[in-house]
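Asks: Sequence:
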Amino acid sequence: MSTHPKTSGFKNPKLILFLFFLVIAGPFLFAYMMLQKAERHQMRTTNHGDLITPPVNISKVGLYNIGDKSAFKSEKLAGKWWLVYASPAKCQQTCHETIYNMRQIRTALGKDATRLERLFVAHPECPQSVCETYLRENYPDMPRVGIAPSEYEILFNQISNSAAREMVGEVYIIDPKGNIMMHYDADMEAKAILSDIKRLLRASKIG
1001 MSTHPKTSGF KNPKLILFLF FLVIAGPFLF AYMMLQKAER HQMRTTNHGD
1051 LITPPVNISK VGLYNIGDKS AFKSEKLAGK WWLVYASPAK CQQTCHETIY
1101 NMRQIRTALG KDATRLERLF VAHPECPQSV CETYLRENYP DMPRVGIAPS
1151 EYEILFNQIS NSAAREMVGE VYIIDPKGNI MMHYDADMEA KAILSDIKRL
1201 LRASKIG
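Residue numbers for the sequence shown, in this note's numbering: 1001 to 1207.
Some hints could be false.
Claimed, not checked - Listed next, the in silico DMTMM-like pairs over lysine to aspartate or glutamate satisfying Cα-Cα at most 20 Å (straight line):
hint, residue 1, residue 2
1, K1069, E1125
2, K1177, D1112
3, K1191, D1112
4, K1080, E1117
Unchecked claim - Here are the computed distance ranges between Cβ atoms for each label pair:
hint, residue 1, residue 2, range
5, H1048, R1103, 16 to 22 Å
6, L1051, D1112, 19 to 25 Å
7, D1112, S1150, 33 to 39 Å
These aren't lab readings, by the way, just hints derived from the structure by calculation.
Glycine included, each C-beta is placed from N, C-alpha and C at the ideal position.
Sequences are here, hints too, so could you generate the full structure?
Replies: Structural data, given as structure tokens:
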């Protein structure tokens, strides 16, 4: 008959260390999770745009530069926030005003302006030579891309079903990981979009 005493699980150094970690770090982890949950709830209730859940990654579609038809690699979008305009079939007055407002929004960010870039996504039915000429002459620093018609519909129909997209276009925000995460109608006031972007930049540690 063995005379060795039974070893309690609590004498296991690794188990003791793990339990000690839970006691010390547990409350902090719980508080962090509650804070993240509160911030997500606040974003849903205080933002002016429509939060896209789940977000859609722009890398799922093939983009090309409408000037020379060369591929526009989605990797170029990584690491910064992007304000994106999906144009209507005809880029007229409202379209021109939206593009202008996007530039003003970026300028209004002041020292944080370098954290936000702008992107024009041409509607498949928009005469791309006209869009390219107008943007190159007036907004040469704004990338101008196109998407194949089938991919255009698949991408944006996941995000919204706005009939206004055909008429006046829509505005989106892409996060530094390439996720399309917020949507606005083109007639949304610029100051409302600016307010959301400022909040996102304050909360973000990337981009």
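Asks: State for each hint whether it applies.
Replies: Cross-check of the supplied hints:
no.	hint	verdict
1	K1069 - E1125	holds, 16 Å
2	K1177 - D1112	holds, 18 Å
3	K1191 - D1112	holds, 16 Å
4	K1080 - E1117	holds, 7 Å
5	H1048 - R1103: 16 to 22 Å	holds, 19 Å
6	L1051 - D1112: 19 to 25 Å	holds, 21 Å
7	D1112 - S1150: 33 to 39 Å	holds, 37 Å
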